Amino acid sequence: LASTMTKQQANWSPYDNNGGTCVAIAGADYCVIAADTRMSTGYSILTRDYSKICKLADKCVMASSGFQADVKALQKVLSARHLIYQHQHNKQMSCPAMGQLLSNTLYYKRFFPYYSFNVLGGLDTEGKGCVYTYDAVGSYERVGYSSQGSGATLITPFLDNQLKSPSPLLLPAKDAVTPLSETEAIDLVKTCFASATERDIYTGDKLEIVVLNADGIRREYMELRKD
Amino acid sequence: MSKGEVDYVPARGGFSFDLCRRNEMLLNKGLKPSTGNEFNFWKIPSYCTWDGVILGADTRATEGPIVADKNCEKIHYMAPNIYCCGAGTAADTEAVTDTISSQLKLHRYHTARESRVVTALTLLKSHLFRYQGHVSAALVLGGVDVTGPHLHTIYPHGSTDSLPFATMGSGSLAAMAVFESKYHEGLSRDEGVKLVCEAICSGIFNDLGSGSNVDICVITKGQKEYLRNHLLPNPRTYISSKGYSFTKKTAVVVAEVLLTKITPLKQLVEVIEGGEAMEE
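Going line by line, the protein sequences match chains A and B. Going by the working numbering, the letters in the first sequence line up with residues 942 to 1168, in that order. Going by the working numbering, the letters in the second sequence line up with residues 2 to 281, in that order.
Some hints could be false.
Unchecked claim - Straight-line distance between alpha carbons at most 27 angstroms, and here's what the computed DSSO-like set of lysine-lysine pairs gives: (1) A/K1131 with B/K249; (2) A/K1167 with B/K183; (3) B/K249 with A/K1167; (4) B/K183 with A/K1131; (5) A/K1147 with B/K243.
Just so you know, the hints here were simulated from the structure itself, not pulled from any lab data. Remember, predicted model here, so these are calculated numbers, not experimental data.
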């Protein structure tokens, strides 16, 4: 009798995973946000040239991996909310403000989440680099560096080793931003992705690096393995 | 024979070396051992159309989404004239090709002949059928024997096909697309190798389950060329010029060398050498 009364399982899922990896590193006066440009489904590649990075405000950039349809929808919601903020306050949203907005937007869909794994990078009100890391339903934290996506498990241990993030439990509270220079941080990011590409099938094709500093926003590309 | 009591060694499983002394005695007396080439193969008139089999494979082994081995060997040796490409679970393809390769070798000793591809095919398919698909090995078997060149596919449940060109694995559609577009009869050796490389590359770049390098194996009558890493189209894209250092604490290697205490065993058995020489 037990076999005839089992709950019916859905054989259609509204979600899909398009793969990819994102990384962000905060420096003393800059922030580096990087993501690969491969979009895949199952064992196939959909495109080798898809940007996972979106500029939300002058000093705030978001990189997201996961289900790109949900990511696109999330980016649209945040852009629209930012526009409204600009009309109401006559200024751009700061990175910490955008961080809070993103968290609220994600939790708003707590019971049908955005399948989106985000890292938010930018400069805070003092001009120091800041990185916020999120889970799919909006839990967030300001950190010195973060990695999300299919290659995160490969990259995070390496960043932990090289950037030696201080424990958040220490008092006085130590700043988590890295003392590395901008060039060193970019070199680190390139190494991370070249290595993650070797071992993760969903990461590859091309690397898009966005650098935010006092001079503005700069974009760089690097070729990755295409297999 | 009265001497039997002295020479008798009780069988303890495994190999029986009873005949070794006899064989040595015969060799000393001048007997030529059998070479296995007593039968003459009939000569096939060849007028230089290239005849053989070309096998190709990529070199990526995955564990889910992670690459476990970036340069593994998927073209397995079965016999000097037969090779087998394996897709599916690596342990299964290794085990099944090793097992059948061993059986083929014993069969060669028994029959004193070169192995035939259909023999390997039958051994593989019966093994896989017996395991009802639980041995997850999808194979492309190719070789050249007395009856000519052969190419077969073997599926995990035990069915086989005999084909002019074949692909297996997650990248099989990408590779087959290339074969279906560009294959024609009368390909030369170099054209064939180039086509197989193209097909494997198509799998490497378009399928996420395949990657890294191309291995090729060319088998013709009496000769085989195993071209390991024939193509390396995926070099590492970025190597930091300054390099990275890791503190000593990073890798805590626990290398406790356990000192082994060696206790010499007391000799209980006396080995009797010699005895009288055997007579015919």
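- Are there hints from earlier that the structure breaks, and if so, what are their numbers? 3 and 4
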